[in-house]
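> Starting from the given sequences, assemble the full structure and let the hints guide the process.
One line per chain: the protein sequences are A and B, in this order.
Okay, so the first sequence: first residue is 1 according to UniProt numbering, each after it adds one.
Okay, so the second sequence: first residue is 1 according to UniProt numbering, each after it adds one.
Check before you lean on any hint, since a few could be wrong.
Stated by the list, open to error - Computed from the model, here is a short list of chain B residues facing chain A with C-beta under 8 Å:
no. : residue
1   : A59
2   : G61
3   : E63
4   : E69
5   : Q125
6   : Y140
7   : H174
8   : R175
9   : L194
10  : D195
11  : L254
12  : R258
What the hints assert, rightly or not - Derived EDC-like pairs (lysine to aspartate or glutamate); straight-line CA-CA distance at most 20 Å:
no. : chain 1 : residue 1 : chain 2 : residue 2
13  : A       : K171      : A       : E159
14  : A       : K94       : B       : E134
15  : B       : K193      : A       : E266
16  : A       : K102      : A       : E181
17  : A       : K94       : B       : E226
18  : A       : K94       : B       : E198
19  : A       : K94       : B       : E192
20  : A       : K219      : A       : D70
21  : B       : K193      : A       : D106
22  : A       : K171      : A       : D314
23  : A       : K313      : A       : E203
24  : A       : K182      : B       : E67
25  : A       : K94       : A       : E78
26  : B       : K193      : A       : E144
27  : A       : K182      : A       : D106
28  : A       : K162      : A       : E307
Derived by calculation from the structure, the hints in this document are not laboratory data.
All residues carry an ideal CB built from backbone N, CA and C; glycine is no exception.
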Amino acid sequence: MHFHRRPSWHIPEREVTPERVFLDRRAVLAGLGFAGVAAASGLGVARPAAARPAGEAWTPAPPLDPAYADAGRAITPEAVSGSYNNFYEFGTHKGIADAAQKLPSDPWTLQIEGHAARAGEIGLEDLLAKMPVQERVYRHRCVEAWSMVVPWIGFPLAELVKWAEPTSAAKYVRFETLSDEKTMPGIRQSWYPWPYVEGVTIEEALNPLPFMVTGAYGKVLPKQFGAPIRLHLPWKYGFKSAKSVIRISFVEEQPMGFWQELQGSEYGFWANVNPEFSHPRWSQAQERVLGTGDEAPTVIWNGYGEEVAGLYKDMDLSKRGLWF
Amino acid sequence: MTPAAAARPDAWRRMAGDWSPWHDRGGRLSPLRGGVFALALAPGLWLALALAGAFGPLALGAEPIHEAEHLTGLWALRFLLLSLALTPLRRITGWGRLAQVRRMIGLTAFAYAAAHFGLYAVEQQLQPLRIASEIVQRLYLAIGFTALLAFAALAATSFDRAIRRLGANWRRLHRLAYAIAVLGLAHYALQEKLDVAEPAFLFGLFAALMLHRTPLGLAPGRAFPEARILGAAILAAALTAFSEYAWHATLTGLPAERILAANLDLAAGRPAVLVLAAAAIPALIPLGRRLLSLARPREIAHEAR
Ligand code: HEM
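Below you can see the structure in the form of structure tokens.
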């Protein structure tokens with residue numbers, strides 16, 4: 001059953017925004033055999049040019065993965081999604097887009113650490129050259145009960161993990177966000193446990209769904225989304241998807257996330273989207289769909305159960321709500 | 001206007017005095033009341049226009065209803081605190097006419113609280129069962145709802161006839177305003193994700209106002225008003241810092257000691273520091289008066305009379 005393609009919240013065609021037009025162009029490329037799946041064989045891999053500033057057009061356009069061409073809902077206009085960002089390094093409210101333009105996203109180096117054969121440093125451009133860069137349209141569900149749909153450019157996290165060659169000692173993958181006091185005013189709020197950390201199990205990381213995002217809306221990733229490279233885990237609440245990642249570690253212990261450390265009763269390690277399990281202050285049964293004024297029912301695993309439900313088949317859903 | 005009232009201009013004046021927001025009780029045009037009325041309407045008017053899209057689709061951000069819900073909640077609390085500030089302000093300025101705007105400001109606070117609840121109801125798709133079940137399940141909503149009920153009781157008894165009929169009980173009933181402020185502040189703090197700096201700031205202002213209702217505070221005939229204002233500001237700031245510390249030490253995972261220590265960094269603009277500044281500034285009025293009266297004793301003494 002293609003759960004994520006026949007969702008209850010499917011929107012009628014007439015509500016689809018003009019962004020569809022730009023995606024259709026990609027869909028043609030995909031149809032011509034440039035799909036992300038083909039990327040593994042080396043075909044149709046979009047190679048980014050050398051370092052480019054955030055927000056610039058991503059050329060040539062990467063192929064659109066046909067499995068994720070349509071999120072079942074209109075793409076959220078960039079003016080909306082790009083002005084509503086939880087990015088505490090730049091401020092505790094969501095209007096941080098202007099402040100985030102100071103983020104030093106170019107050039108960028110990733111540290112690969114821990115139990116992996118390829119532990120070491122790699123420049124983002126070098127990494128991108130090795131990865132099957134593609135476009136995927138994902139639904140994003142924030143723990144605050146709002147959601148959006150964004151066409152990301154990036155590559156599957158699984159490809160990065162395979163390339164890094166983790167050893168059997170690696171049980172979790174830990175992501176760390178840049179923490180730079182000079183450009184990020186939030187870091188001066190010394191009572192937060194900077195840097196921002198998040199993590200997933202190695203099994204979750206090897207699932208094809210997690211996406212390392214380096215672009216959005218056909219552009220090099222605008223800074224407020226977490227330039228130049230961020231994680232997106234579309235079946236988990238948004239805070240799990242660390243922004244502006246500088247360090248990826250293969251570790252034995254479950255990493256302690258930024259929010260989990262601050263308020264474990266509200267922000268668990270798993271944080272899988274689950275309409276049955278309320279936040280202490282609000283129901284998670286519905287979500288406010290950004291840019292529409294409408295509400296939609298929230299679906300377990302944010303509708304990506306086909307891809308990820310198997311990861312949790314041994315867990316007791318009723319007790320843990322996939323939360324802790 | 002009835003023909004009889006038209007025939008008697010006095011009757012019209014009295015009616016205007018009772019009901020018109022820009023007349024005083026004597027039916028004279030009152031710039032003070034008119035100005036406060038405009039001030040009371042302005043945020044609501046702006047919000048209504050913004051919701052109607054008059055300032056573009058993103059004037060209220062990506063979630064306009066949600067943002068408007070937050071802003072109306074804030075204005076409700078701000079106007080409520082302003083209504084509680086009138087007595088101390090009157091004592092500082094000696095401006096007795098401030099009493100003429102108290103009811104208007106209180107009703108404004110209620111109107112914003114009612115709009116706040118209305119917006120919440122819209123956000124919950126106007127489904128009564130859903131709204132009720134949320135209110136009973138979430139402590140912060142139950143607190144807000146209690147505050148709103150009390151608020152409604154005050155609004156319903158804010159008309160001349162009710163005031164006359166309730167007599168001494170009216171004053172007792174309307175002391176609920178303090179309880180509403182406490183509940184509103186608790187509701188505000190509880191709905192925060194983690195950092196309670198903003199509710200702590202309003203809490204500090206409320207604490208300063210309450211201190212002026214103790215023997216330490218301002219009152220007619222008490223000496224050294226500037227010292228009393230300053231003292232209340234310092235105490236309120238200390239209470240703010242302590243409450244913020246206690247909140248985080250018991251309710252959140254934020255390191256409470258660090259937040260307490262951050263108060264020493266004045267530039268960080270922590271709530272205790274802002275409370276100190278905001279609650280101390282009115283001391284300039286009696287201080288200025290005193291300096292002026294030292295310079296020109298007779299003239300000022302004459303004016304004050
Ligand atoms: C039935 C009554 C009420 C309901 C259902 C209600 C509901 C809410 C909700 C849903 C929020 C936002 C929470 C969030 O986004 O996490 C909120 C915030 C707030 N409410 Fe209420 N509320 C009620 C009564 C009141 C009253 C009576 C006051 C004031 C005296 C008040 C003042 C506030 C304030 C100041 C905020 C925070 C605004 C901000 O974000 O800065 N509320 N309320």
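> Hint by hint, which ones does this structure get wrong, listed from lowest number up?
1, 4, 7, 8, 14, 17, 21, 24
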